[in-house]
Amino acid sequence: MNLKQMATSKNIRNIVRNASAGIIQCGTNSLSDDTEDVKGDNKLSLLSPSSGYSHSELRHLSHGFINSMLLCHWDNILGPRIIHLWTISGRMSYPVSTLMQICSQSLSGEICRDVYNSFIDFKFYDIPEKQVIVPAFIFTANKAGGPGVHSLSLIIPKSNLTLYLQIHQLLQRCFERIVGKLRIIMNKWDAISEIPREEFRIHITDCMEMLASLTVSALPDTVKLLSTLALFNTCEERRCSRIVDTNHHPYHHDLYLQGALRKSDHIFEYPVQEILYSKYPTTIIDLTQQVVKQSPIYSDHVVHSYDTQRNELTCLHHGDNNDIAIPGGEILTQVDITETLIQGLLEELDKLPAECGVREAYILQFMRVVQKKAVCLIKYLEGETNYGAQAFKGGTRKLRHDLLITTDGDLRIIMAAAEKLKPGIVWFIMGGGDYSNRQISTEY
Amino acid sequence: MSMWQRLWKSGNNSSDANKSDEEKVDVDVLEDEQPYNPFTELLPLHIHTDIVRLLVLVDDRRCVSVGDDCLAVLWDIQLCCKLYVLSGHTRPITCVLLLDTKDNSNDWLLTGSSDKQIRVWDLDQGKCVQIIEEHNTSVRCLMSLQDHDIFISGGEGLHLWSGDGKLLSSYDRSSEEADISLMLFTKNERLVTASSKELRVYSVINETEKNETKEFQGKITLTKKLPPHREAIRELVMVSDIMFASGSLDGTIILWSTQSYLPTYTFNIMSEYKGKDQRYPYSIQHMICVEERYIMAAIGSGFALFDILTKRLICKKINAHYSKVLHLTFVCDGTFLATCSEDGSIRLWGHVPTGNLTLGERADMAHSIIERFMGVSTEEKMMYPGYSYVFEPNLLGECLAHSGAVENIIECGGDTMLSCGVDGLVIAWKIFMTLHALGHFTGRV
Amino acid sequence: MMISVDMYAADLAYINCLDEFDDVMYREVPEYAVPAFRVQHPWNKLSNIDPTVLCSDFILVAEFSELEGPRPLITIPNDGAGNFNLNDFAVRIMSVDQNTSVTEGFHITEDFQVILTETRDNVFAFVHHFVLYDQQARGFVRPFAVCYVTADQRKLMYFYEEIAAQMKKVARYFKYGNKLVFRNDLEKYLKDLEFTKRQVWRDNNSDQCPDSVMNKIKQVASLSAEVQNILTIIRPMLTDKRMEQRFARMEEKAKISRRSKLDSISLKEWDHVDHANDTKRKFDIHLRGLHELCSWGAKDGLQKLRRIHQFYQRDMALLQEEKLNTEYLEPVSGLLTFGNQCLAANFMAKIDKICVGSVCCRLTTYKTETTPKFFLQRCSSNDTLESFKSLTSSFQSIPDDDSYDNVSMTSAYNMQMNKQKEKIVYDNSTLFYSQSKNSKEMVDSSHTLVPDNEFDLVDEKSSVIDIVNDNKLRQNTDLSENENGCENSDLSKNERKCEKPDISEIDKTENTDFSENSRVFESETESKNDEQSEKTETTNLCENDRIPEINIKNKSNEYYEKLEYCENERFSETCSVLHDKTLNKSSLEMIDICDMCQNKNKTESEDTNICDKNQQIMIYCDSELIHSSLKELKLISECDRTSDVEKRKMLEYKIKMCKKCQIQFSQPLLEEEDSPPSNGEELVNQHISGPVTCEMFPIDDQLDIMSSGFGLRKLLTTYNNMQPLLYSLLTGRTVLIVGTSSHEADVKSFVKALRMFVPTYHRYPHSCIPWSSSVPKIVDLTKLKLVGLCRPERKTLDRLLPNSIKKLVTIMDVEKRVIHAPSYQGAFINTLIAKKKVFKVEEVFLSFVQSGYTMPRQSESYKSTISTFLYKLGIHDCDINIVEYLAEVVKYQHIEDHYHQNKSSGVPVRPIQTRYQQCQVFKC
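Residue numbers (the UniProt record's numbering), protein chains in the order written: chain A, 1 to 444; chain B, 1 to 445; chain C, 1 to 924.
These are calculated hints, taken from the structure and not from any lab test. Be a bit skeptical, because a hint or two may be false.
[What the hints assert, rightly or not] So, partial list: chain C residues that the calculated Cβ filter (under 10 Å) puts toward chain B:
#  : residue
1  : V779
2  : D780
3  : T782
4  : L800
5  : P802
6  : S804
7  : I895
8  : V907
9  : R910
10 : I912
11 : Q913
12 : C919
13 : Q920
[Stated by the list, open to error] Distance windows between CB atoms, simulated:
#  : chain 1 : residue 1 : chain 2 : residue 2 : range
14 : A       : Q343      : C       : S774      : 49 to 59 Å
15 : A       : D114      : C       : E68       : 20 to 30 Å
16 : A       : E129      : C       : L67       : 27 to 37 Å
17 : C       : E66       : A       : D114      : 54 to 64 Å
18 : C       : E68       : A       : V115      : 43 to 53 Å
19 : A       : I77       : C       : L67       : 24 to 34 Å
20 : C       : K923      : B       : E31       : 14 to 24 Å
21 : A       : V244      : C       : L238      : 55 to 65 Å
22 : A       : E129      : C       : K241      : 21 to 31 Å
23 : C       : S774      : B       : V85       : 22 to 32 Å
24 : C       : K923      : A       : K398      : 30 to 40 Å
25 : A       : L163      : C       : S773      : 57 to 67 Å
[Said to hold, decoys possible] Derived DSSO-like pairs (lysine-lysine); straight-line CA-CA distance at most 27 Å:
#  : chain 1 : residue 1 : chain 2 : residue 2
26 : C       : K806      : B       : K324
27 : C       : K323      : A       : K279
28 : B       : K324      : C       : K807
29 : B       : K219      : B       : K187
30 : C       : K806      : C       : K816
31 : B       : K311      : B       : K197
32 : A       : K420      : C       : K323
33 : A       : K420      : A       : K279
34 : B       : K324      : C       : K777
35 : C       : K191      : C       : K218
Ideal placement from N, C-alpha and C gives every residue a C-beta, glycine not left out.
Chain A extracted, bound-state conformation:
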């Protein structure tokens, strides 16, 4: 070990010592009534002047599976500190000692983090004796005049582990968005003690509502009307889909499949911003007008998505929420691409008896075949480009020729499946394997 590392490890020991000192203090004086702090009150806890935190409650969230949310930061002198606690009304709350433990666990090991790192890191652990699992988001945010390491930890009962793992990706997407906003907010107000919780609460509630809605209106395993489409999704994807949700916003980004109701007197406004924010492009099937529209293909969408994300934050920063720049032109267009896979499938389905789940099973087989083809495509590219070390030459034409894919539409289907198996592969093909410092086209 070189000197530098020795130095670091010494630091760590110091810090760890501090941290544990803090915990002990907390543990010995734990006050059960601390959790009963008045909502939104910035009342300090009784333990020590420095370990106080504020608390607020999110209401009207039935069916959620998240019990609490904890915003913490790493204080270079005092170690891990809770900034704010959100509890969900009607959900279980935890004693201070547990919260301190979570705070400490979430931030431990993060001192080495480069504070100017703009990525939102993820952390996940369980605390078996407390029967909770904790996904935490680690990020840099402004705090008392300078950037510091923060964490936003969700406290979820362990019984929801399976559910959590199923919707993990969705939740991560949502919270990265929220954390992004939170960073801006914290930067704007510039002091942790004065976080405009109300503003943040709006964002967080929105997200929590969506997540909560998944537990009630997620697509059931057995498939019905709208769910026919869900046959083409995996279990996990179905978990991250929902049937029509009348109570809330009609569209939420990153759900795989969702239903929306149009009010009869009302022109349905496509939530373009949300659509663009999603990880994958969106297809809208308008049953009333019998129109199918799609957002741009994935390789373009990636860029749009990023732009949207950045614009949103910039606007938030400037306080002009309603003026978020949206790419010009029609985002949702009717697409007419020839393909043979689905056509063939439909023909074949037609020949199968509609009973006994035969058709459903056949669709599953179909999905497997598509997936196999996707795997083949991945392997083909691995062979051709030496695992991506070189760019793929020849483009989609060669791809189609060598893999006997007859139409562009088929290729798209297969590429979409491949993208899910191997994220980035579409960009790799369509972006020509260009990973150098690249300017994003932002022509609107």
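With chain A held as given, fit chains B and C onto it using these hints.
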């Protein structure tokens, strides 16, 4: 050379000319492709460990095979799986008999063995329900008198049993030299037995009317000795109510009247029947009677069809196989004659469909098995007395899978042919209507 | 703005888009709050930009040393981390606060698991923290962490539960071994203290001793009280008999192989090294290494980590696909696979009803809920770690997961794989130990562990090979693998010896409650293995594999339950095979390792025992092949795909077929319906599928080293006119590849390459025989589909084969380069073969074959009646035959399973299609 011998030989110059050189016989050979062979699927059923000699159909679905391994096996032929293995005999099983018992809905099977036992099996449970030991000598044949709920066992001795296995009567055969090998029961309540060259007729039932109820008195009494064949009798077959036939090693087939028990006609009399090295080239191995009019006989390594009505040979195939034909049967409603032989093959014979008609369509048009088989109308041609055409069937298929002599073939359930042989296998040959086969079979390829 | 660019060049990809915006406005937003634009590279291949980027997954064992702070100890594989900065990373993970509150006295610290991400660097880690006890350490405590590090963030969450459970197991190994050592240390220490006490008394010889002495005595007394106290905590935890047995077995094994290896040392001897003597703590000396701390536990734990690595290091896309595939393994009877690794389709998957005529009835057969669990129990219990029930108290934080309910199939496969690999452990143990005697060598020794890895690979391969519980074959493989290294070389004798105890063991378990059964049975098996390994001394290898065989022999009802095990084992093996499909990078690794082996052979041939060498040589052989067609190994496995599309057609067809079967079965079916709803036990019972009854002609003990499909591309490019051959295989016509003994190697490799075209292989491993000296009989042809046949020099082919067989088989004469087969007129195979030149790498070719791209779309629809679909399909009739055959295969699986379930005495025979096609002679 007798007339029959000439007839038999005519049209087959090569063997006629070089009778001494039997190795040079012309036997039909088939190509790989057998467009007319419907048995495209074969299922080897492997339980027996020794020669399987006999196959007996129980019903449309089930069949019993018995072998020298002392076992009888009950098979489900539709699925081709073993149902039960009936084991218990200590010597090879020589004969089996299906028994419909009146008081029992279950199917009973009797097996006779050279271990001197007769065993009764419940086929639905696969269990031995009774062991009959009073036969005391090796059992060679079994026969049931269904109407009377009585069965007869033959061999060294001759015994009469009630349906539930009680010994009713025995005939003392101690003076006889040879065991009874074949039995036949004629309509007029007479039992015909064959032992070596001899045929005997017995009366079995004495019906006494007592108090208006018929009572059977089972008792075997010899009523008649028939004139013997020149050589051992190999086959005894019922032709009609009034006629039965016996065939022997020397090739002779005698038709007997069941009224007078006198020969009414003799086919196939060969003057030099012993052949080279005592091989009996004309020996009768098997006979079947069709439509109470035709007798199909396995003769040497060939076969012939005799018309009893016109007393003519109407069909023959001299060298159908490389060695003796052991068994034959019509399959597919007479579309084919299947023959099995010591040479290990099963061959399918018939006529090549002509014109646009497929075998199937042809079969639909024909009225009888023989018409289907020969592809001609019997009325038109064969009734004409001066008509002397002898049909020589074509080799239409060869089912090759046994690795030794094929002992027995039967048809089962319409789409299956079963064969068994010295290799210990029972093979189910199925008409599997793959598109491919179907196409060939129906000529729609 | 781009602060981190220099340091983290990997992030060049993220982009700052200042230009597009008003500078002033934008600057107000701190850059840390602006997300970076980044598109993931599918293979994380940015190494040209940043050499430290993480290219492949690895496992790191790190500790927080009281002397040096956080430090990396071992990586798996040895150079797995590449240029990745391990030291920094160790600091990162070990600085995680373990939350050890300082309480008075000695206590047991619980483990802690956490997933960490370093999004910027694309590093994601699953970390398992645990604490080992060291009598020499401060507070007796040494914190360690094991972590799985990957660049694919999806892996950790996707397999969270599996990885968590596996890591817990690893930690248990370490900790149990450690506690044993710790206890021994303390007991010795205690004796020393008492000795000291007595000495002091004796030296001072009077009641009136000086205060200093009294203090000393008091000090000693309190020390010994403390030690006593710790012992009272530790001792109750050491009640796991099976774990100890396991260690004892390893110990035993070490002793045995010591005979051939002078430098080895067993654990017993090790105890005599007596490091416990120096009661004085010397901070200037190094601390004890992991192996010293845990003894056999470390050996075991690391072994297990290697397996974990081997399993999860594969491409996420493949892992995902595999996981999906597992859903299609049920019901087993509906499975259509090719070769041993390719799951083509499962027509009955997700259909729980069967139509009989127009009536839908539920088939109990297809109740799938119970099975996966059942599989898992079986699989997990194969892993011999299930011995921790007694330890629950100390593992409150880690629920006892013996039941393994929540672990997905994949981990089961993993374990299945493990099971096989476990065999190897013993062979290396001595070597290992000799190297790890000295803790100073610890880190080094991790590098010298190469032999272990070699074995892993061999083993992995063999697991690939024996795929489907080709128990017999495998057994042979195992035995012969070991043969050289062991004194006992009589194979058959060995086998017989082993079987006897098995049977008796099975008898023992006969009455056990079924719900317990899997576990009990397993444990019995294990103890049986104990006996065995003692008895035969040669082969701990046979292990569980033998049981199925025995079961085949004892098909009577009392063994019925066991039979199930076999079956399940078989299937899970099939699955494991599916998993082994793509060895991914391991083939490349293997090349390296093979090179190493070569060197090793030269330099260390004296050291390594014969057994090792033998295996190395085997690897080497393989490696040549690998070289020749590069990543072949991986690819191969998938070739099977040929007719993927057909399969789909077959779904339809199949369903019809099922109807057909059902009608045949309608009687028994109805009966089933009438029976009251079955309880769990019955359900499980119902799930048995056909025993692998293979009345085979004797099989050569020739081994089967390589994966099926291996070398297919080579075969297709070196030989022409292979269409008829493939066609025969795909229509169930038995193929004989005939050559004299001088062609043995060729013939075998052909069989292996072609095996993937055998759709019955997963059910009847004996349907492919690489090398046989006896001609198959007609009965064999029902299941035997591909045979390498040895022709005696003097016998011509015509004389060798009886007529009856000749007509039913396709023959490839390797010497004359001639194929005798029905000709093929169709599209499937031609398209397949036509593409062989497009792909440079076999891997791609195989995956291509697998993906079924070649199948014409229009051919996919089956009509409802047999007679009409011929016209509508628009495919050549030869292709129809293929499809028909595949449908038949599945149909018969159903029939067979149905009969097995009903415990009928007989099972329908599979038909042999004769088709009476014109055979032609092709030059190839």
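Problem - Given hint C/K807 paired with B/K324 - CA-CA distance at most 27 Å - result: holds (22 Å)
Practice task
Could you check if C/T782 really has its C-beta closer than 10 Å to a C-beta on chain B?
Solution key: OK, holds: C/T782 within 10 Å of chain B, min 6 Å.
Handout entry: chain B contact restraint on C/R910 - CB to CB distance below 10 Å
Key = With a minimum Cβ separation of about 7 Å from chain B (threshold 10 Å), the hint on C/R910 holds.
Exercise for the section: Closer than 10 Å between Cβ atoms is the bar; does C/S804 clear it against chain B? Give me holds or violated. Expected result: Given a least distance of 5 Å, the restraint on C/S804 holds.
Handout entry: Supplied contact hint for C/V907, tested at 10 Å Cβ to chain B
Key = holds (6 Å)
Exercise for the section: Given the range 22 to 32 Å, decide if the beta-carbon distance of C/S774 to B/V85 lies inside it. Expected result: Given about 26 Å between the Cβ atoms, the range holds.
Problem - Evaluation of the interface hint that places C/Q913 against chain B, nearest CB under 10 Å - result: Where the cut-off is 10 Å and the nearest Cβ of chain B is about 6 Å from C/Q913, the hint holds.
Problem - Given pair status - A/K279, A/K420, alpha carbons within 27 Å - result: holds (11 Å)
Problem - C-beta pair C/K923, B/E31: status relative to the range 14 to 24 Å that was hinted - result: holds (21 Å)
Exercise for the section: Starting from the range 43 to 53 Å, see whether the pair C/E68 and A/V115 falls in it by beta-carbon distance. Expected result: violated (27 Å)
Problem - Given hint C/K218 paired with C/K191 - CA-CA distance at most 27 Å - result: Answer holds: C/K191 to C/K218 is near 16 Å, not above 27 Å.
Handout entry: Pairwise beta carbon distance, A/Q343 to C/S774, judged against the given window 49 to 59 Å
Key = holds (52 Å)
Consistency note: the structure conflicts with the earlier hints numbered 4, 17, 18.
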